[in-house]
Amino acid sequence: MAEPLLTLAGVNTKIGRYHILHGVDFAVPKGGITMLLGRNGAGKTTTLRTIMGLWRAAEGRILFEGTDLTKLATPEIARLGIAYVPENMGIFADLTVRENLVLATRERAPDARRLQWIFGLFPALEKFYALAAGALSGGQKQMLSIARAIIEPRKLILVDEPTKGLAPSIIRNMITAFKELKQTETTILLVEQNFMFAESLGDGVAVMDDGKIRHAGTMKALAADRDLQQRLLGLHLDAHQ
Amino acid sequence: MTAIPATKAAVLPKLQRDWLPVLLVPIVAIVAFPLIGNFSGWLTLTVAGLAMGMMIFIMASGLTLVFGLMDVLNFGHGVFISIGAFAVTLVVVPLATMVQADSVLANVAVLLLCAVVAMTLTGALGWAFERAIVRPVYGQHLKQILVTMGGMIVAEQLIHVIWGADPISVPPPEAFRGSVLIGDAAIERYRILAVAVGLAVFVAMLLVLNRTKIGLLIRAGVENGEMVEALGYRIRQLFVGVFVAGSALAGLGGVMWAFYRQTLTPGMGMEVMVLIFIVIIIGGLGSVGGCFLGSLLVALVANYTGFLAPKVALGSNILLMVLILMWRPQGLYPVAKR
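Line by line, the protein sequences give chains A and F. Residues in the first sequence are numbered from 1078 upward in steps of one, following the working numbering. Residues in the second sequence are numbered from 1206 upward in steps of one, following the working numbering.
Hints are not guaranteed to be accurate.
Stated by the list, open to error - Covered by chain A, per the in silico footprint, the following chain F stretches (three or more residues, Cβ under 8 Å):
#, region
1, 1430-1438
2, 1474-1488
Claimed, not checked - The list that follows gives simulated cross-link-like pairs (lysine to aspartate or glutamate, EDC-like), each with its CA atoms no further than 20 Å apart:
#, chain 1, residue 1, chain 2, residue 2
3, F, 1418, A, 1287
4, F, 1418, A, 1188
5, A, 1218, F, 1431
6, A, 1091, F, 1431
7, A, 1107, A, 1142
8, A, 1204, A, 1188
9, A, 1232, A, 1287
10, F, 1418, F, 1431
11, A, 1289, A, 1102
12, A, 1091, A, 1287
13, A, 1107, A, 1262
14, A, 1148, A, 1164
15, F, 1418, A, 1229
16, A, 1148, F, 1431
17, F, 1418, A, 1184
18, A, 1107, A, 1280
19, A, 1107, A, 1145
20, F, 1418, A, 1153
21, A, 1107, A, 1257
22, A, 1218, A, 1164
These are computed hints drawn from the structure, not numbers from a lab. Where a beta carbon is used, it is the ideal one built from N, C-alpha and C, also for glycine.
Using the sequences plus the hints, can you model the full thing?
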């Protein structure tokens, strides 16, 4: 197992009077894709938002390359090399595709070679480069949201349910894109409900329920153990084939 | 770093531009023409309306960005207009000879100096106002209304203390007094200047918002501030910058308003706030383009109805707002929100 890039230790998050995360502990190894699975309301999105500092951890530590993220504001966390693709995609609808990408770069403009690589992954973005992002389809918006996260090399990318509401053909494109991204040795923490998607991409996996990590291990082991899937996720692989 | 490669224009779909709100301004002017009945009267009213609209736009543009970017209801914005107007006295009193000089250069220099002094003063006050009054009440609308109103009352009383309670007369510099004749229509020179300044501010704002990264950040921040932060930008600093710039613009608007009214009163900023709120609601909260069109529409409609039916003039802006919100409930150019 590679050394952890990100470690969560005893993370508790409260939103108003609701206590959402109850001592989350898990580690994301450097390189590869770690899947964060769980039922609706398990605390997956809250975990990602807490890592990004969008919701503050009430207790616990989140270590990223030795830096405690719980003490930093969101922009400082992003500047450490962490990108975030939220569940609602978070694209700027009034800005063009180009402007969305420019905003995600530290430089004055995106690197041309990297841009061409992204256009190779998501051809629709090149086609609609000068179009307002609000005019894109749901799948294209998701592509833009991911493109924005990878427009510059990042150490860690947090992705929240990228396949939500997408057509199977777009999901297949997305699997290809993530597999290519994996070759760049970028570390990805991916929240997902679609088990087939998770199985095809995941190296490691953590399963959440009721604001706690119930299981952590390899995706391969979880995919092979139907009883474990049934117990942790309330699903059987057959139902998804 | 290499530049972004050119995209294939041939495959780009056409952008759907929404021209309908833009057409409203000429439509209102054209509809008013037969009702007024003579060209010179119509031209005088139209230029007066455009001038007033431009001044309202200068005063309102900062507020709409503050409103859109941080969801802050700054009811104290009017005080920056008043202070900008009173800052005029800091220049025209010691430079009275330049104000009355028969030299366009000297007159323009006085105006520029008034603008610089007013914008510096109101920008600095805006920074202090944001830190002391607005910052503690982010996200709390009711408190924002109460606290910013309170701040405005205190500032108005300070104007009383510093400049006294009596109205102060400030005639515009010599070159901008009187009128020019276009046919039979007498167009006040100062109104032509107001139109020119308003257009310059609008074009400058469009260039900043569309051609610079700061502008991109402001537009993105108006839409989804949280995502801007997640991309690594400190939106709080951006907001302070916009608040200071908005206050400085209100100060510039105060200068233009002062020479237009030619009389300074501590409450002059507050008096115009109702119009400013109508304008930013009509335009769509956070939209500079909408604010520009809203300002022109409000001023033109007020001028035309003031001439045609003086008894309904007072309510014409409210009626305009109701009609536009019935047509577009989020304003002329609604800003996409997360």
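Right, here's what the structure says about each hint:
1. 1430-1438: holds (count 8)
2. 1474-1488: violated (count 0)
3. F/1418 with A/1287: violated, 42 Å
4. F/1418 with A/1188: holds, 16 Å
5. A/1218 with F/1431: holds, 18 Å
6. A/1091 with F/1431: Given that 20 Å is the threshold and the Cα spacing comes to 18 Å, the pair holds.
7. A/1107 with A/1142: Holds. Residue 1107 of chain A to residue 1142 of chain A sits at ~10 Å (cutoff 20 Å).
8. A/1204 with A/1188: Distance of about 18 Å is within 20 Å: holds.
9. A/1232 with A/1287: violated, 29 Å
10. F/1418 with F/1431: With Cα atoms ~17 Å apart, residue 1418 of chain F and residue 1431 of chain F stay inside 20 Å; holds.
11. A/1289 with A/1102: holds, 8 Å
12. A/1091 with A/1287: holds, 13 Å
13. A/1107 with A/1262: Holds. Residue 1107 of chain A to residue 1262 of chain A sits at ~8 Å (cutoff 20 Å).
14. A/1148 with A/1164: violated, 24 Å
15. F/1418 with A/1229: Judged against 20 Å, a Cα distance of about 17 Å means the pair holds.
16. A/1148 with F/1431: holds, 18 Å
17. F/1418 with A/1184: Holds, because 10 Å separates the two Cα atoms, which is no more than 20 Å.
18. A/1107 with A/1280: holds, 11 Å
19. A/1107 with A/1145: holds, 17 Å
20. F/1418 with A/1153: holds, 19 Å
21. A/1107 with A/1257: holds, 16 Å
22. A/1218 with A/1164: holds, 11 Å
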